[in-house]
Each structure stands twice: as structure tokens, then as C-alpha cells.
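Build out the structure end to end from the sequences listed, making use of the hints.
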Amino acid sequence: MSCCGVNADDVLALEAGRVSAEEILLASHSLGEGLRQLDLSVPDVHCGDCIMTIEKALVALPFVQTARVNLTSRRVSCVYREETSSGATDPSGIIEAIQAVGYRANLLAQADTQSEKTKNQLLLAVGVSGFAAANIMLLSVSVWSGADAATRDMFHWISALIAAPALVYAGRFFFRSAWSALKRGRTNMDVPISLAVSLSYGVSLWETAHHGEHAWFDATVSLLFFLLIGRTLDHIMREKARSAINGLARLAPRGALLVAPDGSRRYVAVDELRVGDVIAVAAGERIPIDGIVVAGESDLDTSIVTGESRPVSVFAGTEASSGAMNLTGALVIRATRLARNSLLAEIIALMEAAEGGRARYRRIADRAASLYSPAVHSLALATFLAWGIFGGDWKQALLVAVAVLIITCPCALGLAVPVVQVVAAGELFRRGVMVKDGSALERLAEIDCVAFDKTGTLTLGSPRLVRAETDVEPSLAIARALAVHSRHPLSRALAGAHNPAALLFDRVSETAGGGLQGAIGADLYKLGSARFACGQAIAVPGGDNALTEVMLSKNGRGVARFLFDDTLRPGAEDAVKSLQSSGFHTVMVSGDQQCVVDDTARALGLPQALGALTPKQKVEEIARLSAAGHRVLMVGDGINDAPALAAAHVSIAPSTASDVGRQAADFVFFNDRLDVVPQAVMIARRSARLIRQNFALAIGYNVLAVPIAMAGLATPLIASIAMSTSSLIVVANALRLARGNRPVARPSAATAPANFGVQTA
Amino acid sequence: MNMLIYLIPIALFMGAMGLMAFLWSLRSGQYDDLQGAAWRVLSDDDIDPPKP
Numbered sequence: 001m002s003c004c005g006v007n008a009d010d011v012l013a014l015e016a017g018r019v020s021a022e023e024i025l026l027a028s029h030s031l032g033e034g035l036r037q038l039d040l041s042v043p044d045v046h047c048g049d050c051i052m053t054i055e056k057a058l059v060a061l062p063f064v065q066t067a068r069v070n071l072t073s074r075r076v077s078c079v080y081r082e083e084t085s086s087g088a089t090d091p092s093g094i095i096e097a098i099q100a101v102g103y104r105a106n107l108l109a110q111a112d113t114q115s116e117k118t119k120n121q122l123l124l125a126v127g128v129s130g131f132a133a134a135n136i137m138l139l140s141v142s143v144w145s146g147a148d149a150a151t152r153d154m155f156h157w158i159s160a161l162i163a164a165p166a167l168v169y170a171g172r173f174f175f176r177s178a179w180s181a182l183k184r185g186r187t188n189m190d191v192p193i194s195l196a197v198s199l200s201y202g203v204s205l206w207e208t209a210h211h212g213e214h215a216w217f218d219a220t221v222s223l224l225f226f227l228l229i230g231r232t233l234d235h236i237m238r239e240k241a242r243s244a245i246n247g248l249a250r251l252a253p254r255g256a257l258l259v260a261p262d263g264s265r266r267y268v269a270v271d272e273l274r275v276g277d278v279i280a281v282a283a284g285e286r287i288p289i290d291g292i293v294v295a296g297e298s299d300l301d302t303s304i305v306t307g308e309s310r311p312v313s314v315f316a317g318t319e320a321s322s323g324a325m326n327l328t329g330a331l332v333i334r335a336t337r338l339a340r341n342s343l344l345a346e347i348i349a350l351m352e353a354a355e356g357g358r359a360r361y362r363r364i365a366d367r368a369a370s371l372y373s374p375a376v377h378s379l380a381l382a383t384f385l386a387w388g389i390f391g392g393d394w395k396q397a398l399l400v401a402v403a404v405l406i407i408t409c410p411c412a413l414g415l416a417v418p419v420v421q422v423v424a425a426g427e428l429f430r431r432g433v434m435v436k437d438g439s440a441l442e443r444l445a446e447i448d449c450v451a452f453d454k455t456g457t458l459t460l461g462s463p464r465l466v467r468a469e470t471d472v473e474p475s476l477a478i479a480r481a482l483a484v485h486s487r488h489p490l491s492r493a494l495a496g497a498h499n500p501a502a503l504l505f506d507r508v509s510e511t512a513g514g515g516l517q518g519a520i521g522a523d524l525y526k527l528g529s530a531r532f533a534c535g536q537a538i539a540v541p542g543g544d545n546a547l548t549e550v551m552l553s554k555n556g557r558g559v560a561r562f563l564f565d566d567t568l569r570p571g572a573e574d575a576v577k578s579l580q581s582s583g584f585h586t587v588m589v590s591g592d593q594q595c596v597v598d599d600t601a602r603a604l605g606l607p608q609a610l611g612a613l614t615p616k617q618k619v620e621e622i623a624r625l626s627a628a629g630h631r632v633l634m635v636g637d638g639i640n641d642a643p644a645l646a647a648a649h650v651s652i653a654p655s656t657a658s659d660v661g662r663q664a665a666d667f668v669f670f671n672d673r674l675d676v677v678p679q680a681v682m683i684a685r686r687s688a689r690l691i692r693q694n695f696a697l698a699i700g701y702n703v704l705a706v707p708i709a710m711a712g713l714a715t716p717l718i719a720s721i722a723m724s725t726s727s728l729i730v731v732a733n734a735l736r737l738a739r740g741n742r743p744v745a746r747p748s749a750a751t752a753p754a755n756f757g758v759q760t761a
Numbered sequence: 001m002n003m004l005i006y007l008i009p010i011a012l013f014m015g016a017m018g019l020m021a022f023l024w025s026l027r028s029g030q031y032d033d034l035q036g037a038a039w040r041v042l043s044d045d046d047i048d049p050p051k052p
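Those protein sequence lines, which keep their order, are chains A and B.
So the first sequence is residues 1 to 761, counted in the numbering used here.
So the second sequence is residues 1 to 52, counted in the numbering used here.
No lab work stands behind these hints, which were simulated from the structure alone.
Honestly, I wouldn't trust all of these hints.
[Claimed, not checked] So the derived label-pair ranges between C-beta atoms look like this:
| id | chain 1 | residue 1 | chain 2 | residue 2 | range |
| --- | --- | --- | --- | --- | --- |
| 1 | B | Gln30 | A | Gln396 | 41 to 51 Å |
| 2 | B | Ala37 | A | Ala738 | 20 to 30 Å |
| 3 | B | Ser28 | A | Pro165 | 45 to 55 Å |
| 4 | B | Asp44 | A | Trp144 | 46 to 56 Å |
[Unchecked claim] Some residues of chain A that are not near chain B, with every Cβ distance over 10 Å (derived):
| id | residue |
| --- | --- |
| 5 | Gly127 |
| 6 | Asp234 |
| 7 | Ala244 |
| 8 | Arg363 |
| 9 | Phe384 |
| 10 | Ser439 |
| 11 | Lys577 |
| 12 | Gly712 |
Built from N, CA and C at the ideal position, the CB exists for glycine as well.
Right, here's the structure in full:
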């Protein structure tokens with residue numbers, strides 16, 4: 001195709017998103033001795049073959065020292081030499097090598113070291129408390145089997161010595177959280193835990209010093225051990241989701257090509273731009289800042305900004321908003337607003353204003369604790385007073401009261417929620433859904449109304465050819481051969497996966513905002529809007545038609561007409577149907593034109609569809625539904641959906657969503673299919689049921705055990721048996737969630753090759 | 001009961017060794033990629049060692 005003005009392969013290769021060597025240098029860090037380490041996120045890796053493919057591709061590069069894929073966090077860490085014998089190296093080859101074997105690779109915005117550190121601290125605490133619990137239990141068993149007098153005292157002292165550092169080291173998570181809750185005048189699950197642990201240790205120490213018979217060191221430490229396991233699982237679940245979601249972050253435009261008055265160009269950071277500065281934006285780049293087009297013509301894909309599915313054509317004098325993708329032509333833009341006042345900043349302000357309902361939500365465990373701790377503490381106090389007043393022996397009264405506290409310590413309660421949620425999150429993960437935190441699962445179980453965005457959520461935001469009207473057969477082939485030269489979404493849809501090499505044009509040129517023209521011999525073919533192709537608007541005015549229209553003309557005479565609509569997301573229909581049949585109220589809130597919205601609503605059977613909504617109106621619609629007593633699940637992806645995602649009771653976004661949309665959502669699904677939404681709701685409801693069952697089990701255990709403790713019959717042996725069994729029962733009940741419902745198809749596995757089929761075509 | 005003088009320190013020492021082993025494995029990154037490790041053990045060919 002050397003005769004063509006435009007090389008199709010080059011144009012398509014742009015799609016991969018090139019990253020400059022300077023940006024990579026900024027993202028990598030030096031290891032000394034001329035070595036640098038670069039961490040990349042590769043969201044598509046999912047099995048052992050992926051690991052091998054990527055590592056082999058990277059190690060094959062001459063300047064790469066080592067490369068290691070981390071499958072859990074979906075990252076590659078690559079060590080490379082800054083210089084080889086042939087001069088300075090170009091690290092962008094690393095990203096290209098990964099893309100060449102069929103995986104996306106993104107620079108990591110910044111390594112999230114804080115969370116990694118917390119995880120390691122928690123794991124260390126689990127290790128330390130596990131060690132202490134095992135050793136103390138060993139000594140306690142000897143005491144229970146009959147060690148007495150001096151031997152028993154010695155065992156108690158050794159236990160006290162082991163327990164003290166474990167208590168401080170492993171217990172600090174609970175003490176800190178309990179203290180911060182108490183400081184704000186509230187109570188959470190950690191308050192009764194901290195109280196029971198420290199009181200039981202104190203009383204045991206006092207008993208030991210006075211040659212007492214019962215010491216509770218084993219109960220103290222194994223309690224910490226069990227609870228830390230729950231806490232660590234919870235943390236790992238959240239961290240896994242966070243790292244997967246952060247790894248998707250596309251590079252927001254950090255810089256822009258500034259055009260100085262004298263015509264010279266230089267690359268500056270977006271924050272340095274001032275109002276009135278003129279910047280150049282090439283085709284295939286995102287607009288970095290709000291502004292007015294001064295020169296050039298192009299089409300902008302604003303679907304992620306406004307939800308509008310059709311590209312908007314822009315020319316000198318029209319406005320261009322930041323975040324839109326420049327599709328067909330180079331533009332020169334004069335900045336009208338600073339980056340920090342831009343549309344995105346406004347959206348973030350709206351989001352913060354909207355985030356009321358979620359902050360007010362109290363976790364089910366905390367709600368349980370606010371009932372539980374007063375009940376338990378007053379029971380212990382009553383026991384203490386009763387034994388003191390009626391028995392007269394205040395020391396004995398204190399011992400019995402502490403036994404009540406230990407027996408009622410919410411060991412099973414502390415595990416009841418996190419274990420169920422971790423199992424549910426694992427189940428969702430297998431279906432390609434990430435859960436950001438446990439409270440999202442609790443909120444998802446409560447919803448009764450689902451609001452969908454249209455573009456990018458119910459539809460894929462990419463057009464699909466629905467009808468070709470033509471009188472001459474080869475027209476379709478000619479149109480496809482022309483379309484392959486453009487990156488306009490309609491051209492891409494028309495060209496499809498067909499190999500256009502059979503037809504060669506002598507010249508091909510693209511008119512931004514119009515279409516393509518190509519010549520074969522003396523014949524001039526034009527493909528584009530009716531006005532561009534035929535010279536005047538002859539067909540039905542496309543303004544309020546739900547279908548988008550493209551014309552092909554030969555020497556100015558129209559020969560074919562192609563009609564497009566937006567592709568529905570696979571599974572969208574099933575998702576809507578199954579939600580409706582389960583009794584959910586469904587509604588569509590979209591920023592797209594009303595006629596397009598109505599069309600999609602008809603296709604999906606949605607009873608209510610609101611179009612042409614601004615981000616603020618979307619929030620108001622959500623607020624109106626909430627005020628009517630609904631708990632709303634918002635499913636959306638765009639920048640314009642972000643405030644609504646934040647305002648809703650709970651929200652889900654696809655992984656293709658805008659960065660701000662993904663940050664606002666509670667769940668992110670990595671699957672192309674929308675029917676994961678009803679599945680996620682179902683799993684959330686089942687986990688809520690299991691959590692309630694677990695609470696019932698834990699409370700039932702307390703009802704049995706408390707009278708024994710209050711009667712003064714509880715010994716450390718009884719306490720540890722009761723505690724362990726109740727924990728095991730709760731965990732076993734939680735594991736029922738994962739049983740017998742494996743997903744049929746493997747999610748997300750097939751998406752990586754599919755995305756890259758376009759480039760190799 | 002004199003044997004306790006030996007046995008208790010031995011028990012504690014063995015427990016401490018276990019704890020040390022756990023701390024070492026945590027610090028040296030053995031738990032960083034549990035899913036990846038499960039796949040790597042199945043792969044036949046090793047990636048080339050660092051080039052000279």
C-alpha cells in the first residue's frame with residue numbers, strides 16, 4: 001500500500017497508545033549500577049501461559065536484565081540497563097514487547113506501598129499471635145491435665161511472658177481502632193474485644209502472682225489469633241480489588257504541546273497551562289484541557305464525557321471539553337479554563353457533594369456491636385455486683401465477671417462478617433467482578449432499584465452496521481476498503497475484520513468532520529455524511545433519527561447507504577430481564593439524545609428512559625428515587641456518571657469506564673457481559689443471609705454459654721473449647737456460599753485476544 | 001519433673017524457629033504472588049537466567 005497517502009497499519013498501530021521514553025523514565029526508579037526498575041500493570045494476565053509469554057518476550061530484549069510477572073497483582077516488574085554497548089536504551093521497547101505478544105501494559109500511576117505495608121504488618125501479627133497461642137496452649141494443656149502447685153505456677157509465668165509481647169504487638173490493631181472509636185464517642189466491635197483481652201490478661205497475671213488455679217492466657221492470645229485472621233482476610237480482599245482497579249488507570253494527559261506565539265512548540269505539563277495558551281492536539285490524543293478550537297477540523301468522541309454515542313464534529317470556534325478523544329484531524333485549541341477548573345474538576349466537586357448517603361452507612365458489624373457491647377458489659381457488671389453482694393467475696397466476683405467477658409467476647413462475631421464477605425468476594429472475582437470493600441456487599445444486598453447509564457454500560461459505545469442499502473454489489477467492498485483508512489468509529493465498524501487488501505486506491509484523503517475520499521482511475525469515491533458524499537443533504541435528515549447514516553458516492557452520485565446503531569453490551573437484555581423478573585425497578589439515565597435513548601430502551605424492554613441528562617440531573621434523579629424510599633444501584637461508566645455513581649446507595653462500573661467513574665464505583669466488572677450485575681446482586685443477597693445466620697449462631701452460642709459463666713462454672717478449658725467450636729461453625733457456614741455454584745464460562749480470559757484482534761487484522 | 005527444665009526450652013525454641021521461618025518467608029516475598037507460584041510450578045521450561 002505504498003501508493004496510498006495513508007497507511008492503514010500505521011494508523012491502527014496508534015490505537016495501542018504510545019508511551020514516550022520520558023514518561024517511562026519518570027515512572028521507573030534507579031537501582032544503582034546503571035540498572036533501573038520499571039513496574040507495569042498488565043490487567044489481562046490470567047494464567048501460567050501468560051506469565052511465560054510475557055517473561056520470555058521481555059528477557060529476549062537485549063537490555064532487559066530480569067522480568068517477573070506477579071499474577072496476583074497483575075503486574076510486571078522489569079529490571080533493565082540504562083546503557084548497553086550500543087548506547088542508551090529506549091525503555092519504551094518494554095511496553096511494545098508486551099503489547100506485541102497481545103497484552104495491554106500501563107504505567108503504574110504510583111506504587112501503593114502503604115497498603116502493602118499494612119498487609120505485611122497484619123500477616124506478621126498473625127504469625128506472632130499464632131506462635132504465642134500454640135505455645136501457651138501447650139502449657140495450658142499440661143495445666144489442665146493435672147500439673148499443680150509450683151509446676152502450675154511456673155507454666156502460668158511462662159505463659160504470661162509469652163503472652164505479653166504478643167498482646168502488645170498483635171493487639172495494637174484492635175486497641176488503636178477501639179480508642180479512636182471511643183474518642184469520637186462511638187463504639188465498634190473492637191471496644192469489647194480490647195476490653196476482654198486486656199482485662200483477662202490483667203486478671204490472669206494477678207491470679208498467677210497469687211498462685212491461683214485459673215489463668216486465661218490461652219484464651220486471650222487465641223482470641224487475638226482468630227480475630228486477626230478475619231481482619232487480614234478482609235484487608236487482602238480489599239487490596240486485591242484496589243490493585244486490580246488502579247492497574248487499569250489510563251494515563252490522563254499529563255502534558256500538552258504548547259504552541260508559542262512565534263510558532264515554536266514545546267511539551268509542558270497540563271498544570272502549567274494558563275488561560276489563553278494555545279496547544280496542538282494530534283489525531284488519536286485526548287484533549288487535555290477545556291478550550292475553543294482555533295484551527296483545524298476533526299471529530300471528537302465525547303462518549304466518556306457526556307454519554308453521547310455519536311462523534312461530534314468540531315471546527316474553528318466550537319468548544320472542546322477535556323477528556324474527549326480527538327479522532328480524525330489535528331486541532332489547535334486555545335485554553336479557556338485552567339486544568340483545576342476544568343470539567344473534570346467540576347465533576348469531582350459534584351461527586352464530593354453527592355457522597356452523603358454512603359458515608360452515613362454503618363457496617364452491619366458496627367451496628368451489631370452498638371447493641372452487643374452494652375448488653376455484654378452490663379451483664380458482666382451485673383454478675384460482678386451479684387456475686388459481690390450475695391457472695392461477699394469481691395475477688396471471686398471479679399473472676400466470674402471476667403469469665404463472662406471472655407466467654408462473650410465476640411470471637412465468632414468478629415469472624416462472622418469478614419469470612420462470609422471474603423468468600424463472596426472470591427466468588428464474584430471468579431465471575432470477573434471486583435469488590436472494593438465489604439460494606440459494598442452489604443449495601444448491594446439492600447437495593448430494590450437499578451439505574452443504568454446507556455453509552456458504555458448498556459451499550460458498548462461502538463457502532464454496529466445494521467443495514468446496508470445498495471444497488472450495486474461491489475459498493476460494500478469499496479466502502480470497506482475506504483473505511484479501513486480511518487480511525488473514525490463508524491469507519492472502523494464498517495471495515496470490520498475484513499481484509500481490504502484486494503482493492504487499491506490511487507489516493508486516499510480524509511476530511512475531518514466529513515469523511516473519506518479515494519480515487520480509482522478516473523472514478524472518485526466519497527464515504528461519509530450525506531452532505532460530504534453527495535454534495536447536499538438528500539436523504540432523511542439524520543438529526544432525530546435513532547440510526548446513524550453513512551453514504552458512499554461515486555463521482556458525486558450516491559450508490560450506497562449504511563445505517564449504524566450502538567452495539568448492545570452482551571448480556572444486557574438478560575440482565576434487564578432477570579432484574580425485572582426479580583422485582584427490581586429499572587430505569588435508564590443517559591446523557592445521550594432522547595431518540596437514541598428511547599430506541600435502546602425499547603430494544604431492552606426498559607419501562608423508563610431519561611435522555612439528555614447533565615451529570616447534575618443524573619444525581620438529582622438518583623436523589624429523587626432515594627427520597628421515594630428506593631435504594632438505588634447505579635450502573636455507569638462515564639465521567640458524567642461519576643457523581644451519580646457516588647450518590648447512589650451502591651454502584652457498579654465496567655472496567656472500561658473512565659478513571660473517575662471506576663474510582664467512584666463500589667464494584668468493577670472485568671467482564672464484557674452485563675449479566676454479572678444480577679449475579680452480583682444474587683451473591684450479595686446470599687452473603688447477607690449467611691451473615692444473618694452467622695449472627696444467629698454466634699448469639700445462640702452466647703445464650704448457652706453465658707448462664708454457665710454467670711453461674712461461675714466456666715473454666716479456661718470450657719472457654720477455649722466453646723470459643724473454638726463457635727468460630728469453626730461460623731467459618732464452616734460461611735464456606736457454604738462457595739459450594740455448588742461455579743460459573744459456567746471463564747470470565748475475562750477471552751477478552752485479551754479479542755481486543756487485540758483489531759491490531760493484527 | 002526435672003526433665004521439664006530441658007523440655008520447655010526445647011519446645012519454645014522449636015516454636016521460635018517456626019516463627020523465624022515464617023518471618024523470613026514473609027520478608028523475602030514468598031507470599032507476594034501465590035497464584036503465580038501455583039502456575040510456575042507446572043511450567044517445564046525455565047526462563048533464561050540473567051544474561052552475562
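Status of the hints after comparison with the structure:
no.: 1; hint: B:Gln30 / A:Gln396: 41 to 51 Å; result: holds, 49 Å
no.: 2; hint: B:Ala37 / A:Ala738: 20 to 30 Å; result: holds, 22 Å
no.: 3; hint: B:Ser28 / A:Pro165: 45 to 55 Å; result: violated, 23 Å
no.: 4; hint: B:Asp44 / A:Trp144: 46 to 56 Å; result: holds, 52 Å
no.: 5; hint: Gly127; result: violated, 5 Å
no.: 6; hint: Asp234; result: holds, 17 Å
no.: 7; hint: Ala244; result: holds, 12 Å
no.: 8; hint: Arg363; result: holds, 27 Å
no.: 9; hint: Phe384; result: holds, 35 Å
no.: 10; hint: Ser439; result: holds, 26 Å
no.: 11; hint: Lys577; result: holds, 35 Å
no.: 12; hint: Gly712; result: holds, 31 Å
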